[in-house]
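K.L.:
One-letter residues, chain by chain:
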Amino acid sequence: DSGVTQTPKHLITATGQRVTLRCSPRSGDLSVYWYQQSLDQGLQFLIQYYNGEERAKGNILERFSAQQFPDLHSELNLSSLELGDSALYFCASSVAGDSYNEQFFGPGTRLTVL
Amino acid sequence: KNEVEQSPQNLTAQEGEFITINCSYSVGISALHWLQQHPGGGIVSLFMLSSGKKKHGRLIATINIQEKHSSLHITASHPRDSAVYICAAPLPNTGNQFYFGTGTSLTVIP
Chain A
1 DSGVTQTPKH
11 LITATGQRVT
21 LRCSPRSGDL
31 SVYWYQQSLD
41 QGLQFLIQYY
51 NGEERAKGNI
61 LERFSAQQFP
71 DLHSELNLSS
81 LELGDSALYF
91 CASSVAGDSY
101 NEQFFGPGTR
111 LTVL
Chain U
1 KNEVEQSPQN
11 LTAQEGEFIT
21 INCSYSVGIS
31 ALHWLQQHPG
41 GGIVSLFMLS
51 SGKKKHGRLI
61 ATINIQEKHS
71 SLHITASHPR
81 DSAVYICAAP
91 LPNTGNQFYF
101 GTGTSLTVIP
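Going down the list, the protein sequences come from chains A and U. 1 is the number of the first residue of the first sequence in my numbering; add one for each residue after it. 1 is the number of the first residue of the second sequence in my numbering; add one for each residue after it.
I should point out that these hints are in silico values taken from the structure, not numbers from a laboratory. The beta-carbon is built from N, C-alpha and C at its ideal position, and this holds for glycine as well. You can take every hint at face value.
Stretches of chain A that chain U covers, calculated by requiring three or more beta carbons in the stretch to come under 8 angstroms of a beta carbon on chain U:
1) 39-53
2) 56-66
3) 94-105
Computed beta-carbon distance windows for the label pairs:
4) A:17 with U:78: 42 to 48 angstroms
5) U:64 with A:8: 39 to 45 angstroms
6) U:69 with A:83: 35 to 41 angstroms
7) A:18 with U:8: 36 to 42 angstroms
8) A:70 with U:50: 27 to 33 angstroms
9) U:50 with A:60: 25 to 31 angstroms
10) U:57 with A:8: 30 to 36 angstroms
11) U:15 with A:77: 42 to 48 angstroms
12) A:20 with U:60: 36 to 42 angstroms
13) U:44 with A:8: 18 to 24 angstroms
14) U:55 with A:22: 32 to 38 angstroms
15) A:22 with U:8: 36 to 42 angstroms
16) A:65 with U:18: 42 to 48 angstroms
Full structure from sequences and hints, please.
P.N.:
Written out as structure tokens, the structure reads:
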């Protein structure tokens, strides 16, 4: 158990809908990362937050947005869902915001868009 | 072209064999991470390297910054080591944006 929690574990929804994925980092970790893993693309970095502020942005679609709250939990919002958004979404946390820190991964949320 | 390349893509080994997985990258990086993804999907961070060598149990990771290359070794492999191994690096001038290798799928046969 990494100490990172993600909810829900599974999510099935329809095209055009909007969903929110939630991540709680390990106690004491200030940084949260979001990743997408689809069958044809592998793992891709979406976005990173550090202590409530956006730190780095990857290939995140404009339909997707994220934020980190004062209690350090983070939410990833996916809207106008398309079939291609079906994937595993992981969040990870680390103590600090730079690349020298180990990341601890949550169990992931499996999103299926029908 | 992927900035982070891994080889081999697939690897089958007999239990007890010594295993090497390679990761090479095309630009200068400050750190490299090795991850393990189990068949159920869970991801575990194995190592973060910025130089030299690290060892944890039967796992050893090395990095040569000048040659832009890292290796993950597994000694005395066991069926429970069967997983996908992924290297990842934050590329320079991208803030902290991570790029991932395509992964090496390892199967260890008893």
